[in-house]
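*Asks:* Sequence:
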Amino acid sequence: MKAGWQTKTLDQISQNLDNKRVPITKADRQPGEYPYYGASGIVDFVADYIFDCDALLVSEDGANLLARATPIAFSASGKYWVNNHAHILKFENVTTQRFVELYLDSITLEPYITGAAQPKLNQKALNSIPVPIPLLPEQERIVAILDEAFAGIATARAAAEQNRQNARALFESHLQSVFSQRGEGWGEKSLEELGTITSSKRIFKSEYVESGVPFYRTKEIKELANGREITTELFISEARYREIKKGFGVPKAGDVLLTAIGTIGETWVVEGNDDFYFKDGNVLWLKEFTSITPRFLKYVLQSFVESLNKMSHGSAYSALPIQRLNAHKIFLPSQAEQEQIVTTLDALYDETQRLEALHQRKLEALDKLKQSLLHQAFSGAL
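So in our numbering, the last one in the sequence shown is 383, and the numbering has no gaps at all.
Keep in mind that the hints were calculated from the coordinates and are not lab data.
Predicted model, so just to flag it, every value in this text is computed and none were measured.
Check before you lean on any hint, since a few could be wrong.
[Said to hold, decoys possible] In silico EDC-like cross-links for lysine to aspartate or glutamate, where the CA-CA straight-line distance does not exceed 20 Å: (1) Lys253 to Asp276; (2) Lys369 to Glu357; (3) Lys247 to Glu230.
Please model the entire structure based on the sequences and the hints provided.
*Replies:* See the structure below:
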């Protein structure tokens, strides 16, 4: 450790105010102007407050303690209310508070967390977390450098994210322009006039095996539809697969699979002859389509994703019924024109993927830069 630094536990440098927290059920909250904090930040605004000070709030429970999708430590100031899902730490000054906030958001808390199904960071464990602490002037210097750097990273990250979204929006716009209007000489047919839409034979959990034929759900179809590698987590036996193939049939090259529960409209054209099967209900199987090429069908389906979502129904999970999809009408050019359209869309899609990947790499590089700065800061190397 750098000269002049000390290691202190959180209870040595802060005052824990957890005993002043008061949870309010949603039904009992009176709407107002004061922030109401929970484990991951502001969850509501209420008519009263119980704190009027600068403090550091730290998540007490929830999956985010491990996932870290959002910061687990965040500052609060002014008048506010805190429920019992966030710890409250008060420091001698806001510089040390900010220093500790940055430190906690840079380290793993797994050694201090209990519970797998419901991760929890209890007060005793929180208080025992060691923090490398320099003198106040050094804290001020480090906080100033990190805050300035992170502001620049946030700006660059927002620009990269916007550019990534713009690339996707450009493709979606062109897709809509192709299919939103009827071209010259295009016919109109319902999907059931062109082919068969069905699902799969029911596979029960008891039929899963350790290894065998891959069994795809919405997750895997979504990954395949977006050109990503998949990690197959479920399998059925070779014998069960052969039984289904003989009695009912299985997807083959040129068939199209469409996600139909939860995430609606992810579309994958089956390529090659690798064996696999899929979950009934979650995924629809479009097969034996005539007068329409597989990739043209894929793009047609992609062009009316919003309509697919409107066709879906359900409360906890939206679901796309086969009968509604069957009845949907599309405009259909000749197969020669379909091939031309697909060639154009494929080229634009590939360019979109290239740009999205480029901006994704920029986002990842910015995240790595942020972690590198944090590591340097708290090892005394900044």
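*Asks:* The structure should be examined with respect to each hint, and the outcome stated for every one.
*Replies:* Hints, one by one, checked against the model:
1. Lys253 to Asp276: holds (9 Å)
2. Lys369 to Glu357: holds (18 Å)
3. Lys247 to Glu230: Not OK: Lys247 and Glu230 at ~29 Å, beyond 20 Å, violated.
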